[in-house]
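On the provided structure of chain A, position chain B as indicated by the hints.
Residue numbers (my numbering), protein chains in the order written: chain A, 1 to 315; chain B, 316 to 630.
Please keep in mind that the hints were generated in silico from the structure rather than gathered at the bench. The structure presented is a predicted model; accordingly, all values stated were derived computationally and were not measured. Even for Gly, the Cβ is constructed at its ideal location relative to N, Cα and C. A couple of the hints might just be wrong.
Claimed, not checked - Stretch by stretch, here's where chain A covers chain B in the computed footprint (C-beta under 8 Å, at least three residues):
1. 457-469
2. 538-550
3. 577-590
Claimed, not checked - Computed spacing ranges between beta-carbons, pair by pair:
4. A246(A) to K326(B): 53 to 63 Å
5. A246(A) to A582(B): 28 to 38 Å
6. R166(A) to R513(B): 29 to 39 Å
7. A216(A) to G505(B): 28 to 38 Å
8. E72(A) to Q366(B): 56 to 66 Å
9. A37(A) to S528(B): 54 to 64 Å
10. A582(B) to A188(A): 15 to 25 Å
11. T124(A) to D374(B): 33 to 43 Å
12. P209(A) to K326(B): 56 to 66 Å
13. L210(A) to L510(B): 48 to 58 Å
14. D457(B) to R166(A): 35 to 45 Å
15. G123(A) to T333(B): 34 to 44 Å
16. A58(A) to G466(B): 43 to 53 Å
17. T124(A) to E402(B): 29 to 39 Å
Number of protein chains: 2
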Amino acid sequence: MRVGLDVGGTKTDAVAVTADGEIVARVRRATGWGDDAVIASILASVEALVQEGDFTAADLESVGVGIPGLVEAGTGRVLHAVNLGVESLDIAARAGAELNVPIAVENDVKAAALGAAALRGDGTSMAYLNLGTGVAAGIVADGRIWRGAHGTAGEVGHISVDPGGRLCGCGQRGCVETLCGGGALAKAWGRPGALPVRDIFDAADAGDPLASSLRADLARGAAAAVRILVLSVDVETVVIGGGLTALGDRLRTDIVEALRREADGSAFMRSLRLDERIELLPSGSPAAALGAALVAASDSATESAPVDKEIVTHG
Amino acid sequence: MRVGLDVGGTKTDAVAVTADGEIVARVRRATGWGDDAVIASILASVEALVQEGDFTAADLESVGVGIPGLVEAGTGRVLHAVNLGVESLDIAARAGAELNVPIAVENDVKAAALGAAALRGDGTSMAYLNLGTGVAAGIVADGRIWRGAHGTAGEVGHISVDPGGRLCGCGQRGCVETLCGGGALAKAWGRPGALPVRDIFDAADAGDPLASSLRADLARGAAAAVRILVLSVDVETVVIGGGLTALGDRLRTDIVEALRREADGSAFMRSLRLDERIELLPSGSPAAALGAALVAASDSATESAPVDKEIVTHG
Chain A
1 MRVGLDVGGT KTDAVAVTAD GEIVARVRRA TGWGDDAVIA SILASVEALV QEGDFTAADL
61 ESVGVGIPGL VEAGTGRVLH AVNLGVESLD IAARAGAELN VPIAVENDVK AAALGAAALR
121 GDGTSMAYLN LGTGVAAGIV ADGRIWRGAH GTAGEVGHIS VDPGGRLCGC GQRGCVETLC
181 GGGALAKAWG RPGALPVRDI FDAADAGDPL ASSLRADLAR GAAAAVRILV LSVDVETVVI
241 GGGLTALGDR LRTDIVEALR READGSAFMR SLRLDERIEL LPSGSPAAAL GAALVAASDS
301 ATESAPVDKE IVTHG
Chain B
316 MRVGLDVGGT KTDAVAVTAD GEIVARVRRA TGWGDDAVIA SILASVEALV QEGDFTAADL
376 ESVGVGIPGL VEAGTGRVLH AVNLGVESLD IAARAGAELN VPIAVENDVK AAALGAAALR
436 GDGTSMAYLN LGTGVAAGIV ADGRIWRGAH GTAGEVGHIS VDPGGRLCGC GQRGCVETLC
496 GGGALAKAWG RPGALPVRDI FDAADAGDPL ASSLRADLAR GAAAAVRILV LSVDVETVVI
556 GGGLTALGDR LRTDIVEALR READGSAFMR SLRLDERIEL LPSGSPAAAL GAALVAASDS
616 ATESAPVDKE IVTHG
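With the rest of the complex left out, here is chain A (with noise of 0.2 Å):
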């Protein structure tokens, strides 16, 4: 039984995978702040995930990370998981020693890619667009997750295409993120309130001007995201994905309006069909915690996280 995490903010997703790539078991429960408290909450995972399913510990073959955070390369270590409370951890040494199993740890977004391309099953290229706090997107072609030279593949989020456009917090204007990041979009709302965005959205229905323009810069920036990585990449899809899609049809209407929109005057940009080439992760999916059990199974995981066999002989 393969297990895969993903470790979020608030909540850790986890769920048992069988060799078939078949969902068998799945729990949430709260994640914990700081390294210990997150390395608790992923131990607690997997004895819930074992007790919810048909298997034991024994069964464990391996366990897959997927966590908000900079992956060291060739490593299981963690960097800058800011919304954790984490600045340095190595999750596979540490969850290793207790699980004494293979853990392999994998960005969350990159995690949520392999998912998705398993969910939709078609073995056609995808990026997942992350529209979070942040905005990033993990690319998948022939099955695995392309990662690029160093790791950045994907940070379409810091691309600038405005140069008169707002400050992003990487230090550019006009980055993707500055438009349709929630952070950003919460920052330029600038009003009290859980859920921003869609307090933007709803305000922006009633009549508000600086809602309606941000809600349009939301649309505005998720499509120039889809362009950049059709223009670049040509990926066949891009499944859209992370805190923002909770806003289903309004948001997926607003994006295809944009691409549409904007290839209106331009028959190349229209004979790139854009507007069907993109799909929302249905709410609820377990797409980054499949992903993540998968990582630790696949190749790709070993040139991406490789296995402390150390941990793993000696745990």
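Here is chain B on its own, set in the frame of chain A:
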């Protein structure tokens, strides 16, 4: 012996390459205008190469043709090769019938990308960014051309990076090509001259404000293309070629300075070291012709431009 041809708007560059990848002969001849003249140019180039090199027509194993146009997937047909007066021409069938060897046809920028990667020889991923009349890139990873789902991989020239920018020939506004395409720059400059971009550089040096602005646009557009290629595909190196690179160090210095200036305020962009990841293809490089020879010889060619077995057998 494998032959590769780079069929350009004014001249055809042809090389003969051994099985080891060594270029043993090279000829350059004028390219004709229109279907029949283009085929005649190809045949004459191959004949001249046989005379120039130490081999006979019987030694020919394959001929690869790089050509500035859209190469129809799965065929040897080129479409819309406007600089050659060709609307639709089945090069593989027509030249193959005469030469009695397998003919592969490839877009010239993709062929140049493969050739540039072979000349670099270190096996790392790269993009070849062609700054000519238009702007496009070819991507090579794992020694193969990355085509994408529909052959638009590397079409970074038509990504908009400025909503208030000039109107592009493609119908969009502010495309990369409006900033750093030779055609767009010549149009914006609007003065007669055989080498308008060189004129722009000279006039900028002499203090002309329009020229200075266009020269800055060129560097800004090329820098944007480099950023897009690294932040989407994450190639290790971007090799810049095409007609505008005749400007040599003047162009290189401008692009390096644009990359550095735009990374000034961004620790993230500085960490990418883009200024160290660009190279200019040396003037007179046989990259495109060499790449065409390799396309004809490689497996990837059979995916994109398979040999027409009928022609080979009956030709």
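Can you let me know if the beta-carbon spacing of R166(A) and R513(B) is within 29 to 39 Å?
-> 38 Å, holds
15 to 25 Å as the expected CB spacing between A188(A) and A582(B), which holds or is violated = At 22 Å between Cβs, range holds.
Lying within 48 to 58 Å: is that true of the beta-carbon distance L210(A) to L510(B)?
-> Holds - the Cβ-Cβ distance for L210(A) and L510(B), about 49 Å, lies within 48 to 58 Å.
Is it true that the C-beta distance of E72(A) to Q366(B) lies inside 56 to 66 Å, as the hint says?
-> Between E72(A) and Q366(B), where Cβ atoms are some 57 Å apart, the hint holds.
Range agreement (Cβ of R166(A) with Cβ of D457(B), hint 35 to 45 Å) = 38 Å, holds
Could you see if the CB distance from P209(A) to K326(B) stays within 56 to 66 Å?
-> 57 Å, holds
That 43 to 53 Å hint for A58(A) and G466(B) (C-beta), does it hold up?
-> 50 Å, holds
Measuring from beta carbon to beta carbon, are A246(A) and K326(B) in 53 to 63 Å?
-> The hinted range 53 to 63 Å holds for A246(A) and K326(B), with Cβ atoms some 58 Å apart.
Using the beta carbons of G123(A) and T333(B), state whether their distance is inside 34 to 44 Å or not.
-> Hint holds: Cβ distance 37 Å, inside 34 to 44 Å.
Could you check the hint for me, namely that A216(A) and G505(B) are 28 to 38 Å apart, CB to CB?
-> Hint holds: Cβ distance 34 Å, inside 28 to 38 Å.
Has the hinted range 54 to 64 Å been met by the Cβ atoms of A37(A) and S528(B)?
-> Check passed, 55 Å falls within 54 to 64 Å.
Does the segment 577-590 of chain B contain three or more residues whose Cβ lies closer than 8 Å to a Cβ of chain A?
-> Coverage by chain A holds for the segment 577-590 of chain B (7 residues, Cβ < 8 Å).
This entry satisfies every hint, going by the numbered hints stated previously.
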